[in-house]
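Construct the complete structure from the given sequences, taking the supplied hints into account.
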Amino acid sequence: MTHYVELMGFGPTGWGPAMLRAAGLTLTVAVLGFLLGSVIGSAVAAAKLGRSRLLHGLGDGYTTVLRGVPDLLVIYLFYFGGSAALTAIGRMFGADGFVGVPALATGAMALGVVSGAYQAEVYRGAYLALARGELEAARAVGMSRALMFRRIIAPQTLRYAVPGLGNVWQLVLKESALISVTGLIELLRQSQIGSGSTREPFPFFLTAGALYLAITTVSTYGFDRLEAWTMRGVRRA
Amino acid sequence: MDLSFLAETWLALLQGLPLTIELAAGSVACGGLLAASLAGMRLSGSPFLGWPARAYVFVFRGTPLLVQMFLIYYGLGQFRPTLQAWGVWWFFREPSYCALLALSLNTAAYASEIIRGAILSVPHGQVEAALACGMGRWTRARRIVGPIALRQALPAYSNEIVSMVKATSLASIITLVEVTWIAQKLISQTFRSVEIFVAAGSIYLLLNIVVTRAVLLLEYWLSPHLRGAPAEPARLEAAHA
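Line by line, the protein sequences give chains B and G. Heads up: the first sequence begins at 140 in the numbering used here, then just goes up one per residue. Heads up: the second sequence begins at -2 in the numbering used here, then just goes up one per residue.
Treat the hints with caution; some may be incorrect.
[To be verified] Facing chain B, a subset of chain G residues (Cβ under 7 Å, in silico):
| hint | residue |
| --- | --- |
| 1 | L63 |
| 2 | V64 |
| 3 | Q75 |
| 4 | P78 |
| 5 | T79 |
| 6 | Q81 |
| 7 | A82 |
| 8 | V85 |
| 9 | W86 |
| 10 | K163 |
| 11 | W178 |
| 12 | V191 |
| 13 | N205 |
[Said to hold, decoys possible] Computed list of chain B residues with no C-beta within reach of chain G, every gap over 12 Å:
| hint | residue |
| --- | --- |
| 14 | R160 |
| 15 | L174 |
| 16 | L211 |
| 17 | P241 |
| 18 | Y299 |
| 19 | P302 |
[Unchecked claim] If you anchor each label on the Cβ, the simulated ranges turn out as follows:
| hint | chain 1 | residue 1 | chain 2 | residue 2 | range |
| --- | --- | --- | --- | --- | --- |
| 20 | B | A285 | G | P15 | 51 to 61 Å |
| 21 | B | V373 | G | R224 | 31 to 41 Å |
| 22 | G | A126 | B | M370 | 31 to 41 Å |
| 23 | G | R210 | B | L174 | 19 to 29 Å |
| 24 | B | E339 | G | M132 | 51 to 61 Å |
| 25 | G | I206 | B | G150 | 25 to 35 Å |
| 26 | B | V357 | G | G74 | 24 to 34 Å |
| 27 | G | G74 | B | P294 | 45 to 55 Å |
| 28 | B | L166 | G | V174 | 29 to 39 Å |
| 29 | G | P15 | B | G200 | 24 to 34 Å |
| 30 | G | L0 | B | G200 | 48 to 58 Å |
What the hints contain is simulated information worked out from the structure, not anything from laboratory work. Glycine included, C-beta positions come from ideal geometry on N, C-alpha and C.
This is how it looks when you write it as structure tokens:
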């Protein structure tokens, strides 16, 4: 036990600071991926709700494929494919040699593209939960589309989306561990490095698990509070 | 896109399919049994059984599957002499057993909540009626609660099976030669990531479509009472002909 405290502590031989910094990077990549996913997700939800057959089909294909294919494959696609594309573009401008994509960008993009598919379904469900009468009323008082979106649709869609978004956030946070395969030194990669150099994998992966658990627990609490806040104007049965 | 390369890749990836299916089927089966026990513990009403089950679900749902897999495969490897003394080293030495264990423990946490919800959703009147008929605990479970809960759980369970099929890809990180491992090796050899992604992705997608269709079929088969009676006499005649 004292050995564990020394190993994970903040002393001269402790790995505490490195692990905490890595946890910060895990949070960063997860937040970036989640935000990118919300942009992609709302665009895809709009496509699936719109009248265009073509856009509807594309949106449907996107959500089906990205939710049916392992995320690790998507990460490999961005990791290897992104660098190949950049190298090709670099060659067009006369630079030769390999151009790599920064691991943080690869990770955030992969997480964004995957979580976009899940978020699209959340936003679509939330939009469909809006009371139709409110939309009709907005039209009846002569609101323009933009005003209707800002005053009626957006606030209420977000309200209904909060629980679903909480689930997607947990998913993104846990999927972010897969980004370790690209070499980004997030929490899991840092634990691998630590176990490699000390030959003591157990305490490192245990600590990583505990830090993930701490982050998920705090964010569950946060989303519960957010849900309570967005629902403050809703009468309960 | 080069079609002959795509076909070649597809065939190469198929060699990993048996292991992918074994991992998915094995973990869903083992995880399902564990999940049923966990749900039973939660519903028993005893705090000594309920709290450990609650803690289990909290820990396994709150941490990434890859961390759990590393902790079992690499982490426990640190205690090799102890494990050897206990005579269980043959198990923890094999990456395939470790992957199966991690996948099963992980899915059990999610599935136990699905099963618990399904059991709680059995209408109270049905249980009361069974009690009034003098059914014992086991008869009740087998004849009334079990079948109704099973049908109730199916849609959510099919999502869980799909996510397990996807999760088997993580086993490639601990060196198991399944579909994703082969895909990753091919990508790093040829750098044709798009074609290989399409080939590997289509295998998983097909597998998941088969799973969801099979569960839908099971659901249809288990809910004859929700369908209208077949009223066409023509079909009867055909059956007798």
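#### Entry: Violations among the numbered hints, reported as their numbers in ascending order
As far as the earlier hints go, 4, 5, 6, 7, 8, 9, 11, 16, 23, 25 and 30 are violated by this structure, in ascending order.
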